[in-house]
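Got chain A sorted already, so can you dock chain B onto it with the hints?
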Amino acid sequence: MAGSSIMENLFQRTLEDLIKGMRLQLIGESTFISKATEEIRREIKSTDHHTKSTALLKLCYLSAVHGVDMSWACFHVVEVMSSSRFAQKRIGYHAASQSFHDDTPVLLLITNQLRKDLSSANHFEVSLALECLSRIATPDLARDLTPELFNLLSTARVFVRKKAIAVVLRLFDKYPDAVRVCFKRLVENLESSDPQVVTAVIGVFCELAAKDPRSYLPLAPEFYRILVDSKNNWILIKVLKVFAKLAPLEPRLGKRIVEPVCEHMRRSGAKSLVFECVRTVLTSLSGYESAVKLAVEKVRELVDDQDPNLRYLALHVLSVAVPEHLWAVLENKEAVIKSLSDEDSNIKIESLRLLMAMVSESHLADISRVLLNYALKSDPEFCNEILGSILTTCGRNVYEIVDDFDWYVSLLGEMATIPNCQKGEEIETQLVDIGMRVRDARMQLVQVGRDLLIDPALLGNVHLHRILCAAAWVAGEYVEVASNPFELMDALLQPRTSLLPPSIRAVYINAAFKILIFCLDCYLLQNEGTASLDSGNLAGGQSELFSVKNDTEAAELATCEGSKYEQDAGFNPRNTTESFDDLSAENGIERVATHDQTITPTFVEKKNFMHESIVNLLNRIELIFGPLIANQDVDVLERAQNMLSLVLLIKGENDNSFQDVDKKDTRVSAIIKLMRDAFTMELGPVSTSAQGRVAVPDGLVLKENLGDLHAICGDIELPSSSSFSTAGPHLTATSDASSSNPLINEESGALNESTSLIEHRKRHGLYYLPSEKSEIVTDEYPPANDPKSNSNINDEASELVKLTEQSLLLKKRTNQTKPRPVVVKLDDGDVAPISVQRPEPRGDSLSGAIKDVLLGSETGPSMSQSNPYDKSSRKQKEKKKLGTNVQSEMKENVVDAEKPDSENPNSSGKNHGHTRERRHRGKEKIVEGEEHDQRGKKKSGHRHSRRKTHQRAKSPLNVVSQTPEIPDFLL
Amino acid sequence: MGIRFVLMVNKQGQTRLAQYYEYLTLDERRALEGEIVRKCLARNEQQCSFVEHRNYKIVYRRYASLFFLVGVDDDENELAILEFIHLLVETMDRHFGNVCELDIMFHLEKAHFMLEEMVMNGCIVETSKSNILTPIQLMDKTS
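As given, the protein sequences belong to chains A and B, one line each in that order.
For the first sequence, my numbering begins at 288 and goes up steadily by one.
For the second sequence, my numbering begins at 224 and goes up steadily by one.
If you are wondering where the hints come from, they were derived from the structure by calculation, not from laboratory data.
Predicted, not measured: the structure shown is a model, and the values here were computed from it.
For glycine and all other residues, C-beta sits at the position ideal for the given N, C-alpha and C.
There may be inaccurate statements among the hints.
[To be verified] Pairs of lysine-lysine, DSSO-like flavour, derived with a Cα cap of 30 Å:
id	chain 1	residue 1	chain 2	residue 2
1	A	Lys518	B	Lys280
2	A	Lys403	B	Lys333
3	B	Lys280	A	Lys498
4	B	Lys333	A	Lys307
5	A	Lys558	B	Lys280
6	B	Lys333	A	Lys625
7	A	Lys558	B	Lys262
8	A	Lys625	B	Lys364
9	A	Lys664	B	Lys262
10	B	Lys280	A	Lys664
11	B	Lys333	A	Lys332
12	B	Lys333	B	Lys280
13	B	Lys280	A	Lys461
14	A	Lys322	B	Lys364
15	A	Lys322	B	Lys333
16	A	Lys403	B	Lys234
17	B	Lys280	A	Lys585
18	B	Lys234	A	Lys558
19	B	Lys364	A	Lys307
20	B	Lys280	A	Lys580
21	A	Lys620	B	Lys280
22	B	Lys234	A	Lys307
[As the list claims (entries may be wrong)] Every beta carbon over 12 Å from chain B, so not counted as near; a handful from chain A, in silico:
id	residue
23	Ser407
24	Glu478
25	Thr680
26	Asp738
27	Val768
28	Glu774
Chain A on its own, in the form it takes in the complex:
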């Protein structure tokens, strides 16, 4: 056996051989690696320590550089770690810190090894163990090794102490109760004169303060001393970070530190430190005018620097200043705008963010215009970045900063036609959303939609399909404000629509359906209105197709028919009531009324709906949709079928129109009206909480847990929430006229309207948008305000500078052409609520513990013990370990529980709680001591000294606890 291990040792490949072999790569890398891994698997089982550790070293290399799995070797790692030779031990520790994690099964085995090495006299061994612990410490390890770390925190060997300090961070993170033991020593290290120690400890406090700054306010004097005294830039940067967190919490602190910070800013030659000062001032000391001025001055130096790094950082830090010091950005605006054409995309994006941050109502249009021109000439990625930021900025908070929706809608249309545009979904969402929310914008919306739909070139662009989908929906939904419905129809029926995916095609067909209904309805109405031609005209027109009569004849015939059945118009309503239910009839009447209001100016007067155009339309539809009933997609198929049936119905009805025209015709018009009614119900934005308002019907059992759903349809992928979902219920409603749809509409609409409006709606069954805009719906909109659209791109930058200057100085443009239209906004849940989640529930227990230690509050222990993890695992362990001690601990818990939780450590009555506090602390100390008694069996020597230090450490802290506010000297 011994012989074989020597042989192994002799013939084993070293790491160097391995790397050389890898570089030669005669057999290909992956084969080489798998061969080497096989070799390692063999060697690592060797009894010879050297062979084993070399094998492990090779494995580590392969794992780190080539991503080879080494979790199978964890037991060998533990073996090598326990080697007595330092070189081997080091390999073991390195492997452990590289490959172990919380779920590694062998972690339980290394506690003793770590403990042994942490107490070793060789400080290199200690440092190995500390390094390893800082990477792999679990709550169990942290708890078990806290006493050792506590000792190391005050060791005279700086080399070890600084590492122990760094480990404390992980220790607190995993085992918050360690704070009670170690925190005072950690604080003591702040006063150390050794820069290495201070570097480490300030690093730890910087991280701790980032999570919960308030707990560290009492340490402000120590930090202040470091800020003033230290000459080390690393330390100063960290301490500035700490103050950046603390200063907003305590105004007096800001007053105190602003001078030293400015001093560093003026004096230091290190860019990193100056930059940190600038950042601290702009984030946390923004109330101090002179400091901010100085900081902005420094930023100006950076922003024009040759070094792209400094330019980037300057822009970055400026964006911090935007909310409070817009002037700081304005002073640097040339540089910001110049950066839009920087070579570096990161800098470009940063300046774009900055630009969008300073945008306001007054100059939104101008900035957007310039940005759009930039977008046209930049690379696709940045182009979409620009478009995205315009969309989010304008869409923020339900189009808060958009005043002129006509402009915005045309801007959206323009964006869509930019060749590189990939923001289809966002634009789609906004188009539909604006349609539903802003009634005044609809006319422009339909116009923009028309322009998009009518361009056959756009149909080939995959990224635009979603936008076209929205345009089609808008065209169908708001056809009553369209200037020319026939044109829309042509656009929707053009042959190239076959390029669209079926889902969007279905939207197209449905839009066409709505437009057809609208046209027919208008046609009928128009005739009713004149009451001379009546529907006979249609009949005549239709019959003309079949019985080749000429136009005049038909007209004549129609007239006579019309006069013959003149009185029929009067009976119409009754007829409908007979054949259909009351509600729809009522709606019908009402609809006619509104119809006249809104539509009259645009179309009916124009007499657009000549019967031959209608006939043409019907024929074209029949022609185009004929082939579609063989379409593969069910949606397309079904809708095409609906459409065709309608067309046939209308035509067929007129086929034998001579017999009893009046009856048939009324049926047609009744059907058309009914359908039209189905579409007139306006869609509003749906509140995210709308579902919750629908009462659960009796007898419906809702399951809390949907776990078994997974079993049923686990393999079905849930559809990603389509942004077009608002159209969903509506579309289905057309086919089955489900009664739930109006209900939903009513729901959503009712959310924001005043009660009187709701009543009004109930009475008339209509959905109105609130107030004063009927007079705005006219044709005399100023053209989308952009004279500059064709301006020279080259001087855009200077132009933008001018614009921003102007508009920012003026603040409000005086020549506001028209008031901002009403935007429907729901009171609640307009946007999905952002779940504000506390990032770390664990942090509570940590900060609780720290407050407890720093301020002497008693709320801490109960809090930290309520941590479920602590409770379970710790209790279990301790039951085993401590046995009898459990009871006393329970008692402690009870005492803690008695204290009201609300007792705020900062404001807790200093006087009344004082004696109690003392008493309690004494008790706690005893318990602690007992614990140590039990735990540190063999370290009785340490215990005394530890207790002593405990007491020593506690005495100054009692002072702190009596004056939980920041001590006077700071103020």
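Showing chain B alone in chain A's frame:
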């Protein structure tokens, strides 16, 4: 945790050293390295050394054929990290004498050791070159 990981990657995109201060599985590491390498190596000299990636900020610097990439938290001081990278390079330079990619390949454990001296638990704990190198020199002598 200020520093999340330190990577050294050659210009072909091969990882030469990877040190993580938070646990990631091998697959996560490989994916992360791939994304970062793709993002950073394509950038040129005129572009800045900071890249935002996922929730990290990556500060990188190129020395000859080797890229040093450090992933940090969002509020870390970027310039300080650049100085840290430079310090690391200088330290290796002092130890190996005109350090190159091969030195790091063949002495990976030493490079790791230096890094461990400088950074613990994501915090920079040592910034003096001689302090960093003393233990290594001692070990070299004894072995």
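Hints versus structure:
At roughly 28 Å between alpha-carbon atoms, Lys518/A and Lys280/B fall within 30 Å of each other, so this suggested pair holds. Taken as a hint, the Lys403/A and Lys333/B pair is honoured in the structure, with Cα atoms around 25 Å apart against an allowance of 30 Å. A C-alpha spacing of about 19 Å is found between Lys280/B and Lys498/A, which places the hinted pair at or below 30 Å, so the restraint holds. With a C-alpha separation of about 18 Å, the suggested pairing of Lys333/B with Lys307/A holds against the 30 Å cut-off.
In summary, the hint linking Lys558/A to Lys280/B is supported, as the alpha carbons are separated by about 19 Å, within the 30 Å threshold. Of the supplied pair hints, the one linking Lys333/B and Lys625/A is violated, its CA atoms being roughly 46 Å apart against a limit of 30 Å. Annotation: proposed proximity of Lys558/A to Lys262/B holds, straight-line Cα distance about 26 Å (limit 30 Å). A distance of roughly 57 Å separates the Cα atoms of Lys625/A and Lys364/B; the hinted pair therefore is violated under the 30 Å criterion.
At most 30 Å may separate the alpha-carbon atoms for a hinted pair to count; Lys664/A and Lys262/B meet this at roughly 23 Å. Distance restraint check for Lys280/B and Lys664/A: the Cα-Cα separation of roughly 29 Å lies within the 30 Å cut-off, and the hinted pair is therefore satisfied. Between Lys333/B and Lys332/A the alpha-carbon distance is near 25 Å, which keeps this suggested pair within the 30 Å criterion. At roughly 27 Å between alpha-carbon atoms, Lys333/B and Lys280/B fall within 30 Å of each other, so this suggested pair holds.
With a C-alpha separation of about 25 Å, the suggested pairing of Lys280/B with Lys461/A holds against the 30 Å cut-off. A hinted pair counts as satisfied when its Cα atoms are at most 30 Å apart, and Lys322/A with Lys364/B does not qualify at roughly 34 Å. Restraint check for Lys322/A and Lys333/B: satisfied, since their Cα atoms lie roughly 26 Å apart, inside the 30 Å limit. Distance check on the hinted pair: Lys403/A and Lys234/B sit about 43 Å apart at the alpha-carbon level, beyond 30 Å; violated.
Under the criterion of a C-alpha separation no larger than 30 Å, the hint pairing Lys280/B with Lys585/A is consistent with the structure, at around 23 Å. Straight-line distance between C-alpha atoms of Lys234/B and Lys558/A comes to about 29 Å, which keeps the hinted pair within the 30 Å bound. The hinted pair formed by Lys364/B and Lys307/A meets the criterion: a straight-line CA distance of about 25 Å does not exceed 30 Å. For the hint pairing Lys280/B with Lys580/A, the CA-to-CA distance comes to about 28 Å; that is within 30 Å, so the pair holds.
Between the alpha carbons of Lys620/A and Lys280/B the distance comes to roughly 26 Å, so the proposed pair stays at or under 30 Å and holds. A hinted pair counts as satisfied when its Cα atoms are at most 30 Å apart, and Lys234/B with Lys307/A qualifies at roughly 20 Å. The beta carbon of Ser407/A sits about 15 Å from the closest Cβ of chain B, which is more than 12 Å, so the claim that it is off the interface holds. No beta-carbon of chain B is positioned within 12 Å of the beta-carbon of Glu478/A; the least distance is around 18 Å.
Distance check on Thr680/A: its Cβ is at least 19 Å (rounded) from any Cβ of chain B, clearing the 12 Å threshold; non-interface status holds. The claim that Asp738/A is not at the interface with chain B holds, since no C-beta of that chain comes within 12 Å of its own (minimum 37 Å). Every beta carbon of chain B lies more than 12 Å from that of Val768/A, the smallest distance being close to 44 Å; the non-interface claim holds. At roughly 47 Å, the least C-beta separation between Glu774/A and chain B is larger than 12 Å, which holds for a residue marked as non-interface.
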